[in-house]
Amino acid sequence: MPEVRCAPRGPELTGHGARVSQGVRECDQFRALLLLLLVLLTGCTGVPQGVEPVKGVDFSRYLGTWYEIVRLDHGFERGLTHVTATYSERKDGGIDVINRGFDSDSDSWRQAEGKAYFVEEPTVGHLKVSFFGPFYGSYVIAELDKAEYSYALVTGPNRDYLWILARTPALSEAVLERLVATAEHLGFATDQLIFVDQSSPVGALEL
117 MPEVRCAPRG PELTGHGARV SQGVRECDQF RALLLLLLVL LTGCTGVPQG
167 VEPVKGVDFS RYLGTWYEIV RLDHGFERGL THVTATYSER KDGGIDVINR
217 GFDSDSDSWR QAEGKAYFVE EPTVGHLKVS FFGPFYGSYV IAELDKAEYS
267 YALVTGPNRD YLWILARTPA LSEAVLERLV ATAEHLGFAT DQLIFVDQSS
317 PVGALEL
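Each residue of the sequence shown is one higher than the one before, starting from 117 at the first, in the working numbering.
No lab work stands behind these hints: they were computed from the structure. Treat the hints with care, as some may be off.
[To be verified] Restricting the straight-line Cα-Cα distance to at most 30 angstroms, the calculated cross-link-like pairs of lysine-lysine (BS3-like) are: (1) Lys-231 - Lys-171; (2) Lys-262 - Lys-231; (3) Lys-207 - Lys-231; (4) Lys-262 - Lys-207; (5) Lys-171 - Lys-262; (6) Lys-171 - Lys-207.
Please model the entire structure based on the sequences and the hints provided.
See below:
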């Protein structure tokens, strides 16, 4: 956190001294605000307690398009079907992110573009993702099919966020049940999961 210098404390004064005392209080408030901001930003790129990011990830194999099979509800995807996430390499070492889904209310596709960077080593499934300016949130790979890279269990900075992703629009029932059981064991509210419609797009769903 940047250093904030405040005037020395002293007894309450009147006149010019009162203005100095007020300045000290305002400086203290500003310093507290900076500390709170630092805590919030750190929390947004952290890992839920008890969740361990997957190690030994080959991100060259993780790139490409993933289909969203299951998610916990949140505002920025609410009501969307046929959701996909596409990852590609950036020249600065990060990852470009394109999230896309169909909004039946507006009968149109919605798309968000962002960028992601590694929080730890580039073989650890812990990244920070931004879709808006300097504000980042965690992208934590909690489980991954490291043999085929065919599915992934992903969370965010806390247990309000959960996704099951796959390389195909559907997962086998056995794999899906196992991933949901893993999520439940990790403390996620699996009774609130949304199973995303990935049926073949027709009519208005076509680009």
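We went through each hint and held it up to the structure:
1. Lys-231 - Lys-171: holds, 21 angstroms
2. Lys-262 - Lys-231: The given pair, whose Cα atoms are some 23 angstroms apart, holds under the 30 angstroms limit.
3. Lys-207 - Lys-231: Roughly 11 angstroms between the alpha carbons, so the hint for Lys-207 and Lys-231 holds.
4. Lys-262 - Lys-207: holds, 25 angstroms
5. Lys-171 - Lys-262: Holds, because 10 angstroms separates the two Cα atoms, which is no more than 30 angstroms.
6. Lys-171 - Lys-207: holds, 23 angstroms
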